[in-house]
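K.L.:
Going down the list, the sequences are from chains P and E.
Here the first sequence is numbered in this note's numbering, starting from 2 and rising by one per residue.
Here the second sequence is numbered in this note's numbering, starting from 1071 and rising by one per residue.
Since the hints were derived computationally from the structure, they do not count as laboratory data.
Hints are supplied without guarantee of correctness; some may be wrong.
Output of the computed footprint for chain E on chain P, the stretches with three or more beta carbons under 8 Å from beta carbons of chain E [claimed, not checked]:
hint, segment
1, 101-114
2, 149-162
3, 188-195
4, 205-214
5, 285-293
6, 372-380
Glycine is no exception: its CB is placed at the ideal position from the N, C-alpha and C atoms.
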Amino acid sequence: MKRIGRHYGWAGRLLRVDLDTMTCSISPIDAYREFIGGRGMSDAIVFEESDPRTGPLEPDSVVAIGAGPLVGTLAPAASRTNISAKNIATGGIATSSVGGHFGMEMKFAGFDQIVVRGRAPHPVYLALRDGEAQLKDARALWGRNTWDTEDAIRRELGDERVRVASIGPAGENLCVQACVIVDRGRAAGWGAGAILGAKKLKAIAVRGSLPILLADPQGFWKYNQTLLQLIARSRASGMLRRNGTHGSYGVGGVDGRTPQGVRNQQDEYWPADKGQNLREQVYREKWEIGRTACTSCPTSCTHMYHHPGNRFGSLTLEGLHTNTVRALGSNLDITDADAVMKGQALINQLGLNIDAVGSSMAWAFEAWERGLLTKADTDGLELNWGNADAMVELLQRIATRRGIGDLLADGVLVAARKFGKGSEEFAMHAKGQGLNEQSVRSHKGWALGIFTSTRGAGHLNGASLAERIGMDPKKAKALFGNEAVVRPEAYEGKGAVTAWFEGLKSVVDSVGLCYYVTFWIDLELIGLEHISVLMEKVTGEKADADALARTGRRIQNIEKGFNTLHAGFTRKDDIPPPRFFESPITGGAFAGSKLDPEGYSRMLDDYYTAHGWDRSTGWQTADCLDELELPLVKERLAAAGRLA
Amino acid sequence: MGAFTETIIADARGCTTCMACELACGFRWSKKMDPSQSTIRVHRNDATGLVDIQVLEGCDSCSGVEIPYCVVVCAPQVLSLGRKRSKKNPGAL
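Excised from the complex, chain P in its bound form:
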């Protein structure tokens, strides 16, 4: 085992895996500690080591997988593993955070970061244990789904406590929607599954007994109890504990006021009778056998279901989250609870990203509705809205690139461009990344957060829940300087609050916490001040809330710089598809709501201003990058002529 210096919180090791030469090398992580860990550290490495001329599926592309310094320390929900890479759908950055227990075990195996490049001569998997790394033959695993792969690796390593991150057939077949599956039911990657597939890296297995040292053990233990009490008292945490994300924010959710994407987001109103079968309460009463949590999470927002048998057989699985029920339910007009559960199992087994594959399927269903796709294109599969069996079949065709699945596996925007016939008009995407969303028309700041997200679509960066969770206006004003940030239909103040949440999320992903125990869902929960105390007690290093916020902005600016440099995005790429400006929500609490172009444009101006970016291009300025001390980002953007 390679000896490294003493670290508190961090395991201390960065592992580099070169699959061209089939070698592993270990170095200290100290050079990247200014970016904390997890996402920040991964982003810095991927930015530094990626050539804009290199495509994500080429051997020279770089994937970084990291777990932050709080992961594995017992801090609440300090469970997250981040994957950063060049985004196969957008050409910009892909970052994705995943829960489960992989990150904790990776730390106990002795590693904070794994950086992979090259392409193996045959399928391999990476096994990490107690500071050692080994590449192992995975030819026998190629073609197997993620659940079988996890089981097979545990058997081969003779240890049922090994944690596995693996790709399924979707990754092997280079589907744009492919992701990495951790602990059977948790997904990461925004296309990184295909990148690992191109590299012939089937899985990473981690197990270890190297302790994580704490700078102030007793202080940490005591402070952690304080944080657990905060979470126990939080109404928002209680709602998640009872109802999961599905029941709290999803189809038929407890407030009944959350507009959901319907029929490829043509609408965001699904009448109550449609969603009746897909309510969380229905699944809970019929099939829930328990709840599951990621490492040291007191909230346990995930359900464990067992279905004894239906037309798809029996199933035991973790699920469902709100995005799944929308993508496989309302956005395809499907009301069949059995099929949605089967679809959830399939996306995990096949290694598919629900948002990306959901948008591809919804595009295909709409093309069918318009008569553009016919049985001749689909080998007889009828893609009528509500056809649940077609959805189940289509998922398998996409992951294996069979028939129409081959076109759809290129991602919604590329598929639409290849197919033509005006279908690009209804390809729902952000920067090329498939979109599976809710409340885009009604909740203006939420929409801004989705479409300015550096990874393309997705509401887990700047999209503010302040509009949706009954946040106290006075507290919101004290924090964000504007009470309007809690009003869904207002455009005022939303740009600054989006930029603020982007910074918070960058820090949260870098230390390794889950967004669901933070300010994002409740102002009483963990904020930057709490993270500052946690970090000091765990790592011994002092960084106050302002310093952390600045680090969050630095991380955000690395990603923004990557996008401008690699994908050439400008202001127009931060604007939603026309559908959200043109067709209003047809019913429910937000009937008539749609985005207003001028209002959205004002929000975007405010957002760029808050970041110190140029309003007309959306690009970063030299002043902004100087202030944040990011000379490499500035230098590369200037050389490319993309600095405002």
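Got chain P; can you put chain E on it based on the hints?
P.N.:
Below, chain E alone, put in the same frame as chain P:
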């Protein structure tokens, strides 16, 4: 009397497998995050979804501490400090 000893009682049905108990127990022994030192073991069977919790030999129910470390961090409250009949003297009353 002396027929009962304090022990950790686990109701695995409500366990979320968050592993906090293992981390807390390892911390109790080592003051580090070191679940390899833990005397409680949690495992979920992926095929059935069911959880098994084992209290291992060496657990002293955090003797001298008011509430055992694993019980303190157990959010779903499936762990508790209880009494069981001592194996050493099972017939005594």
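K.L.:
Would you mind marking each hint as holding or not holding in the structure?
P.N.:
Status of the hints after comparison with the structure:
1. Against chain E, the segment 101-114 of chain P contributes 3 residues with a C-beta closer than 8 Å to a partner C-beta. That satisfies the three-residue criterion, and the hint holds.
2. Proximity of the segment 149-162 of chain P to chain E, defined as three or more residues with a beta carbon under 8 Å from a beta carbon of that chain, is established by the 4 residues found.
3. Requiring three or more residues with a Cβ within less than 8 Å of a Cβ of chain E, the coverage given for the segment 188-195 of chain P is violated, as only 0 such residues are present.
4. A stretch counts as covered by a chain when three or more of its residues have a beta carbon under 8 Å from one of that chain; for the segment 205-214 of chain P and chain E the count is 4, and the coverage holds.
5. Coverage of the segment 285-293 of chain P by chain E holds [criterion: at least 3 residues with CB-CB distance below 8 Å; count 4].
6. With 0 residues having a Cβ less than 8 Å from any Cβ of chain E, the segment 372-380 of chain P misses the three-residue criterion, and the hint is violated.
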